[in-house]
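Colleague: Could you build all of it, start to finish, from the sequences and the hints given here?
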Amino acid sequence: MNAGEIADMRKTHWAGDRRNMERAIDQMMNRAPDRNMERAADPEATEAGAGPVPAVETVGLSVMYRRNRALHDATFTIPAGTMTAVVGPNGAGKSTLLKAMLELVPRVSGEVRFFGEPYRSVKRRIGYVPQRGTVDWDFPADALDVVLMGLYGHIGWFRRPGRRHRELAMEALGRMGMESLARRQISELSGGQQQRVFLARALVQDADLYLLDEPLAGVDAATERVIMETLRELKERGKTVLVVHHDLSTVEEYFDRVLLINRTVVAHGPTAEAFTRANLAIAYEGTLRWPAERSG
Amino acid sequence: MGFLASFGWSANVLWVLASTVLLGMAAGVVGSFAFWKRHSLLGDALAHAALPGVVLGFLAAGGKHMPLMLLGAGVSALTGALFTQWIRSSTRIKEDAAMGIMLSVYFGFGIMLLTIASRSAGGGQSGLDSFIFGQAAAMMRQDVTVMAALAAAVLLVVLAAFKEWKLFLFDPAFGRGLGLPLGWMNGLYLALLVLVIVIGIQAVGVILIAALLIIPGVSARYWTHSFGTSLVLAALIGGGAGAAGTLVSTLGKGWPTGPFIVLAAGAAFAVSMLAGTKGGIVAQAVRERAARPRASAGFRFRGLPAGLAGSGIAAGTGFGASGSVADAGGPDRSGHPGGADDIGRPRPPSDADVFGPSGRAAGAAGFGTPGQPAAASGKAAAGDEKAGLQAPERGNAG
Chain A
134 MNAGEIADMR KTHWAGDRRN MERAIDQMMN RAPDRNMERA ADPEATEAGA GPVPAVETVG
194 LSVMYRRNRA LHDATFTIPA GTMTAVVGPN GAGKSTLLKA MLELVPRVSG EVRFFGEPYR
254 SVKRRIGYVP QRGTVDWDFP ADALDVVLMG LYGHIGWFRR PGRRHRELAM EALGRMGMES
314 LARRQISELS GGQQQRVFLA RALVQDADLY LLDEPLAGVD AATERVIMET LRELKERGKT
374 VLVVHHDLST VEEYFDRVLL INRTVVAHGP TAEAFTRANL AIAYEGTLRW PAERSG
Chain R
5 MGFLASFGWS ANVLWVLAST VLLGMAAGVV GSFAFWKRHS LLGDALAHAA LPGVVLGFLA
65 AGGKHMPLML LGAGVSALTG ALFTQWIRSS TRIKEDAAMG IMLSVYFGFG IMLLTIASRS
125 AGGGQSGLDS FIFGQAAAMM RQDVTVMAAL AAAVLLVVLA AFKEWKLFLF DPAFGRGLGL
185 PLGWMNGLYL ALLVLVIVIG IQAVGVILIA ALLIIPGVSA RYWTHSFGTS LVLAALIGGG
245 AGAAGTLVST LGKGWPTGPF IVLAAGAAFA VSMLAGTKGG IVAQAVRERA ARPRASAGFR
305 FRGLPAGLAG SGIAAGTGFG ASGSVADAGG PDRSGHPGGA DDIGRPRPPS DADVFGPSGR
365 AAGAAGFGTP GQPAAASGKA AAGDEKAGLQ APERGNAG
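One line per chain: the protein sequences are A and R, in this order. In case it helps, my numbering puts the first sequence at residues 134 to 429. In case it helps, my numbering puts the second sequence at residues 5 to 402.
Rather than coming from a laboratory, the hints here were simulated on the basis of the structure. One should not assume that every hint holds.
What the hints assert, rightly or not - Pairs of lysine to aspartate or glutamate residues, derived as EDC-like cross-links and limited to a Cα-Cα distance of at most 20 Å, are as follows:
hint: 1; chain 1: A; residue 1: Lys256; chain 2: R; residue 2: Glu292
hint: 2; chain 1: R; residue 1: Lys167; chain 2: A; residue 2: Asp389
hint: 3; chain 1: A; residue 1: Lys368; chain 2: A; residue 2: Glu190
hint: 4; chain 1: R; residue 1: Lys41; chain 2: A; residue 2: Asp339
hint: 5; chain 1: R; residue 1: Lys167; chain 2: A; residue 2: Glu190
hint: 6; chain 1: A; residue 1: Lys256; chain 2: A; residue 2: Asp339
hint: 7; chain 1: A; residue 1: Lys256; chain 2: A; residue 2: Glu236
hint: 8; chain 1: R; residue 1: Lys167; chain 2: A; residue 2: Glu369
A quick note: this is a predicted structure, and the numbers were derived from the prediction, not measured.
Modeller: What follows is the structure in structure tokens.
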């Protein structure tokens, strides 16, 4: 297979995508008004009311940066075993939401419960994959070192990682297609490879809830595939996955639920219900050139 | 000892030597922490902020009372740190500017107090001046004990929780999720930093202590990709600079020790930056040079070690050490026979289905650009190296 063929294949693939998308949008258009109503009425209330304990339950979460309101009164529920996209425009508070949930930034108000318990008592069950840019990749470490960090909680204080831990880390790297690069200095990895290392580190944690901050930002197509494949596997194993996602064109393909935010929760629920043009228009405040934004 | 004494060095020189070596090692390790925490300027700022405390301790005790002066230095440095933090968090001023304000104001205040103290206590007899430029030559047996205790404390703290410190420095947000007590660790790290500064300013002074904190850690990164090794190297470079500076200063009458220590550290940095095997200027140039011809006439340099391919550069820059140069390009090539590319590299067939045919080929082309030559996957050996060398740039750009 040569480059031309691949390019063609992709083009048709994308074109098909686009057609589907446009069809979906047309449908949304027709039913947009009542969806909007339902948003106001909070579909979540009935949905997660009497079921099993949700993975995340956030009530009235607010965050201030300086005197600016970064996030206001975010209230939502995420059922266990689902894969949710956190979607919203730049500066909507997507990363802030994750950080506030994990108490990495101070909250002004609000409460977050994971599996019905406060963060403190379930830390170990939560795997967090921060944005790639938050760390200094020049740090003297190789890929395996970074993945091993995911096991520090299991290893315990004052002890060094043993062979078993190394094997677990290698296994996780292998799942990300990275075992041959295990000893590579992290600054010599491509962006996509760095992201895989981060995901491998989260995998070895063996958490029940994974929070990922833009894991697909700036990665190549192959990495995107590996990452999404892995996340889907996690979901199939009953884990809950929450992903800050920036590419609206893939939301419907990848996620079964959507949390649409712009400084507050605009809509949340199953993708088909929450990811509507009307809701997007509210979240993006008319800045969205639908569906042309995919190329931009 | 007897051996050194036979050179005609007094016991005093040996005490000084031991002190500066131990101080250099402790400063090298703690300074590495500061460097990876992106606090390189903090050591400088804290050292300057310590000066008013030293003089206030002197004034309070009415004479050269060491413990009180060091306590003053520590307290003063910590208030400086808090002041900086306060400026940064309550205004729009960035950290570097806040530190600049704090260190100059504290230092100015310290100099002013120094003038007062000198007048009140019989001119320059107070010995306070030595805190500005340091006076390692005046160190004695008890100073060695203090330095040894300091070095031991640093060693203990680092070894006890080595992997925790690593995570603390690399990715604290992630560490927090694992239950790392970031607040405590930050406090301990700052305490060690202040301790090294307060003890170190006697030897090299408030102005030069920053060099002893920053330079070893920065130099070490040019030689290794392992955090543990980099700490060991930083300790060696710091200790070596302490030894070299002290010995050189004994060669001339009245030669100052502190500046020579810093110059020795500076020399170590210059050598590391130029000849370091991991990202040194020469190594970098050789790697780039070795990669370039492969794109057009890959066969020409096939099978030749990188050092040979790039030896023209090595000779041109006056670095004839083609042996070490070959090393520089070596590890990636020999250590990872599969080469360095994205995941399109040759892999077991079982993995291939994860990516699907197009994903696999796109990966080989580097960054998933479909238009790039998919042929690269066929000639992985030839294309690998180039992709590998470009990888860091891509990483940084992202």
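Colleague: It remains to establish, for every hint, whether it holds in the given structure.
Modeller: Right, here's what the structure says about each hint:
1. A/Lys256 <-> R/Glu292: violated (45 Å)
2. R/Lys167 <-> A/Asp389: violated (38 Å)
3. A/Lys368 <-> A/Glu190: holds (18 Å)
4. R/Lys41 <-> A/Asp339: Status violated; Cα separation ~28 Å.
5. R/Lys167 <-> A/Glu190: violated (33 Å)
6. A/Lys256 <-> A/Asp339: holds (12 Å)
7. A/Lys256 <-> A/Glu236: OK: A/Lys256 and A/Glu236 at ~11 Å, within 20 Å.
8. R/Lys167 <-> A/Glu369: It is violated: about 33 Å lies between the C-alpha atoms, which goes past 20 Å.
Of the hints listed earlier, those the structure fails to meet are numbers 1, 2, 4, 5 and 8, in rising order.
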